[in-house]
Amino acid sequence: MTALRWGILATGGIAHAFASDLRVAGRTLAAVGSRRIEAAQEFAAQHGIPRAHGSYEELVNDPDVDIVYIATPHSHHLEGAVLALEHGKHVLIEKPLTLDADEAVAIRDIAAARGLLAMEAMWTRYLPHMVRLRELLEAGAIGEIRALSADHTQSLPTDPAHRLNALELGGGALLDLGVYPVSFAWDILGAPAEIRAVGRLGETGADTEAAISMTHASGAVSSLLTSSRAAGANVAQIVGTAGRVEIDSVWYTPTSFRVYGTDGSVREDYRGEVAGRGMQFQALHAEAAIAEGRADSTLLPLEESVAIMGTLDEIRSQLGVRYPRG
Numbered sequence: 061m062t063a064l065r066w067g068i069l070a071t072g073g074i075a076h077a078f079a080s081d082l083r084v085a086g087r088t089l090a091a092v093g094s095r096r097i098e099a100a101q102e103f104a105a106q107h108g109i110p111r112a113h114g115s116y117e118e119l120v121n122d123p124d125v126d127i128v129y130i131a132t133p134h135s136h137h138l139e140g141a142v143l144a145l146e147h148g149k150h151v152l153i154e155k156p157l158t159l160d161a162d163e164a165v166a167i168r169d170i171a172a173a174r175g176l177l178a179m180e181a182m183w184t185r186y187l188p189h190m191v192r193l194r195e196l197l198e199a200g201a202i203g204e205i206r207a208l209s210a211d212h213t214q215s216l217p218t219d220p221a222h223r224l225n226a227l228e229l230g231g232g233a234l235l236d237l238g239v240y241p242v243s244f245a246w247d248i249l250g251a252p253a254e255i256r257a258v259g260r261l262g263e264t265g266a267d268t269e270a271a272i273s274m275t276h277a278s279g280a281v282s283s284l285l286t287s288s289r290a291a292g293a294n295v296a297q298i299v300g301t302a303g304r305v306e307i308d309s310v311w312y313t314p315t316s317f318r319v320y321g322t323d324g325s326v327r328e329d330y331r332g333e334v335a336g337r338g339m340q341f342q343a344l345h346a347e348a349a350i351a352e353g354r355a356d357s358t359l360l361p362l363e364e365s366v367a368i369m370g371t372l373d374e375i376r377s378q379l380g381v382r383y384p385r386g
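Each residue of the sequence shown is one higher than the one before, counting from 61 in my numbering.
Derived by calculation from the structure, the hints in this document are not laboratory data.
It cannot be assumed that every hint is accurate.
Stated by the list, open to error - Label pairs and their calculated CB-CB ranges:
# : residue 1 : residue 2 : range
1 : A207      : S316      : 20 to 26 angstroms
2 : E204      : R260      : 33 to 39 angstroms
3 : R95       : D356      : 28 to 34 angstroms
4 : V258      : E117      : 39 to 45 angstroms
5 : V84       : R318      : 23 to 29 angstroms
6 : E117      : G279      : 48 to 54 angstroms
7 : E204      : E139      : 17 to 23 angstroms
8 : P361      : S316      : 40 to 46 angstroms
Even glycine gets a Cβ: it sits at the ideal position worked out from N, Cα and C.
Work out the full structure, taking the sequences as your base and the hints as a guide.
Written out as C-alpha cells, the structure reads:
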C-alpha cells in the first residue's frame, strides 16, 4: 500500500498528538497549515514536516498533499472539511464530526459528489482492544448483550473563554467528552430507539455534566456519563446473558479488558501494547480504504457519524444547550 501524503490543518494540541503518532507509524507528513505562518513553521520544525503554510487555503492547494486532517475546534470542522474536499483532498475530521447533524450532512453530500473519503477521527473505534472486543462480541462470548455503561469525565479548565466553555466554539462536555461513550454505545448496540438526558449547565450556558440513558432496537440499554468539571474512573462495562466485559481505565484509549463468565471466571484477559497514543490506527484505516478504492470507512461509515451527530443534537436539546449557529 502506497502511503498517502498527509496535511494537517490547524496546530493545536490534538494536531500535535496526531502528528506524533503518524511519525510513530512511519506515515508521510507532507505539510501543515495555520492561520499564522509562525505557528505553522514551529509545528513543522517540531514534527519534521517539510512545508509550512500560512493559511488553510495554501495547505489545501498544496499538490503534494493527498489527505487533510482537520484539527480545528468543533465549530470550524465544516469550514475546514469543505475547503479541503472542494480542492480534491480526502479528509479525516477530528471528532465530533461537526457542530450538528445539518453540518454533517453537508460534508457527507460534498464528499459523495466528489468521490472522496470523509471520515470522523473517532480514534477509539480503531484501537486494537476495540477490534478484539468486537470480535469477541460477534462470536457470542457474553451471550445476548443486555446493558452497556461508560463514562468520560475529566477536570478541565473552567475559564469561560476557554474553547471547552465557549458556546460559539461548540463548548461543553457533550461534544468534547460525551461523544466517546455515545459513539461507543452506537458501535456496540446500534442506533438508540429512545434517548433521555439530564445535566447541568455552566455559567456560559455550555453543559458541564450529562447523564444519558438510551434504549436500543434489541431492547438493550446504555447508561452514559460525562463531565468536564470532575474526573471519574473512566471505565466501561458490557453485560450479557452469558457473561460480561470490563474495560479498564482509560477505556477509550489503548488499555486492557477482561471477559468474565457468569460464574466469575476470567475467559480472556486482553492486554495489548500500542506505540504512542494510538491515533495512528485511524490514519492507517483511512489509507487502507483509499488504497482499496473505497470512499468510506467500514468501522465508522460516514452515514453513522451523521446519525451520531443527530443523537448528540437530541441530547443537547434535552439539556437545553443552544449554540449560536445551531
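Outcome of the hint check:
| no. | hint | result |
| --- | --- | --- |
| 1 | A207 with S316: 20 to 26 angstroms | holds, 21 angstroms |
| 2 | E204 with R260: 33 to 39 angstroms | holds, 35 angstroms |
| 3 | R95 with D356: 28 to 34 angstroms | holds, 30 angstroms |
| 4 | V258 with E117: 39 to 45 angstroms | holds, 43 angstroms |
| 5 | V84 with R318: 23 to 29 angstroms | holds, 27 angstroms |
| 6 | E117 with G279: 48 to 54 angstroms | holds, 50 angstroms |
| 7 | E204 with E139: 17 to 23 angstroms | violated, 44 angstroms |
| 8 | P361 with S316: 40 to 46 angstroms | violated, 28 angstroms |
The structure does not agree with the numbered hints 7, 8 stated previously, though it agrees with the rest.
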